[in-house]
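> Chain B: place on chain A using the hints.
Take a look at the letters that make up each chain.
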Amino acid sequence: MSTEHAAGYVGPGLRIRGRLSGEGDVIVDGSFEGELAIDGRVAVGPAGRVKSPVSARLVTVEGRLDGDVAAGEVIVREGGRLHGDVRASRVGLEDGGSIHGTVTMDFDLPADLE
Amino acid sequence: MRKTSVIPSGVTLVGDVEGDADLVVYGRIEGPIHVGGSLVIEASGVVRGHVRARAVVVRGVLKGNAFGDELVRVDEGARLVGELTAPRVQVVPGAHFRGQIHVATVGEPRLTIYDPTLHTFSGWPSPEPIGALPSSPSVPGTLAAPSVPGTLAAPVAARTPVPPARPAPLAQAPMAAPVEQAPTVEPPSFGDPTDTTLSEANTPELTRVLHDELAASELTHIVDDERLVDDHVVDDEHVVDDDELRAQVDADDEAPVDIDATLSEATTYPPPPERLPLRMPRLGGRTPGTRRWT
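Just so you know, the protein sequences line up as chains A and B, in that order. Just add 1220 to wherever you are in the first sequence, counting from 1, and you've got my numbering. Just add 1 to wherever you are in the second sequence, counting from 1, and you've got my numbering.
Because the hints were derived from the structure by calculation, they are not lab data. A quick note: this is a predicted structure, and the numbers were derived from the prediction, not measured. Zero decoy hints are in this set.
Pair ranges (Cβ atoms, derived):
1) E1243/A - E71/B: 40 to 46 Å
2) P94/B - G1260/A: 17 to 23 Å
3) G37/B - G1299/A: 26 to 32 Å
4) P1330/A - D251/B: 47 to 53 Å
Taking beta-carbon pairs under 10 Å as the criterion, some of the chain B residues facing chain A (in silico):
5) K64
6) L72
7) V82
8) Q91
9) F98
10) R99
11) I102
Think of the CB as a built atom: it goes at the ideal place given N, C-alpha and C, for glycine as much as any other residue.
Okay, chain B solo, but in the shape it has when bound:
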């Protein structure tokens, strides 16, 4: 059984933490944390930076995104600004939290091209060098200006989750990799495609490779859908559900109400509670939005 690592109260670490271990933070850490075991930020603990662990438990302060391979839990009294991503996310009432919650597997290359957080961490990057922390951890990396229209090639490639078959190039990239500096039209005439280090000379090649893979993949129709870009739809689930709902609403608008069927159907339900404080609408003549409810 491995011993738990501890950053005690009163101690500040500026740098990054990585390893297969459990870590409890009572003090302060400025920098990214990636541990294979559990990470607990205790009530006195303060962490500024993105954290990833098998289980992340926050009782203190975290400014940065939390990724749990199994669990992220925000306990009562915690103060957290960032995004939570894990297959299980728990927020206990009394926790203070601003940000978004993604109940999802970390690193899974799902259709989250438009999610800046997941895009950045779809492959967990090696820790940044000390002192190179982004000034605002809640907006990690350079996002290649997701909302800027125009030349599509570079932003799309930059937002592409790292394909599983080719994790090496981006995995070695620092978070602020200047992928978006790639030229968008002319094919690069330099750069060794077998060289997986992300240098400026290799960036165009890398961009082109990612773009080709994207074009060959089934993601293309999503990427080409300008409406999705405009709406900043976060994942495919939203899209499907919205369409579903819209179709259903449209159908509702067109379909006349069969009052008899509705009434006979209604009689099969258990009786409502004794007293309804709400005045129920009369059936028939339904014109959505025009009925007075008071």
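Same shape as in the complex, but just chain A:
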């Protein structure tokens, strides 16, 4: 995880409830419940647990995320579990990750298949 500039950090053992919004990056290794609206990157670490709708530029899930996600890019890595609908321009699902929900991306099929 890139931490070249300071990021919001929810450490292990810490639990937060509420609405988190603003610019910057947020890393959750603890527990977050509420709403995440971040103009930046959101990472749910392997032990992290997020139960909230999430909107961000990039969402990376290595732990568990319950909630709908709207983002430019969503990556679910090994061990990551995303329960919720996903709307994004780019979606990556790695081996051992899972998305339980509907994935929606804007694109067109060939005209005769629509």
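Using the frame of chain A, we list chain B on its own:
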């Protein structure tokens, strides 16, 4: 080593493909595909229909559901509308995809009664006759109107995954099998139960048999749970986790926070990053949802 079959660019196949082989599609196939080896839909390839293979790799266009006995992979540049089901599902960033993802074993009779896709393919049906493709492959078969309440018997039987002990009747059924036309109350007075072909005369018997098996099985309590029906819960995992979460949240709401314990616990953690751009909340007096975070 077997040779790989190829549908070349510029060639269109209308029909179905089945066999123990590897297949690469550069051209176009309209119809279901079921191969025992790998299926690769290359960037120029277009497939309309459900596909199943040991490994399914999509780089081109697929409108239909993809089932992988081992793997489904959606590569960069692919355009796919449908559902993905495999023990390993990979979606590469840059792929275009609409639908749902099921990381699961294909054909395993798990508690996915409310999943129209898995229900339809819990036993892989024989290929449809040419020209009988459903108009919308993403909604396979006739789903026996899953959301219609009322007479429960017929829809439940129609949604039942094929029991392993009795795969024959449904395995021979076309995807649009009119199972839901079965009468729901009176026991059928016709139809030979030993006849495994799915004909109209046999449908009531088949429905009754499936229903009896369902009633005798442990699935009954799930099926009878109207809340699950209402919520369209997809699998049991959701249910368990939701309850877990709900219980935990309830417990959190009731349990007072032990500030001292929390603080002493917190001191054992590594220090946070140098600068926190977020203003941290004061501890104590926690009333969820009322705190201002700005």
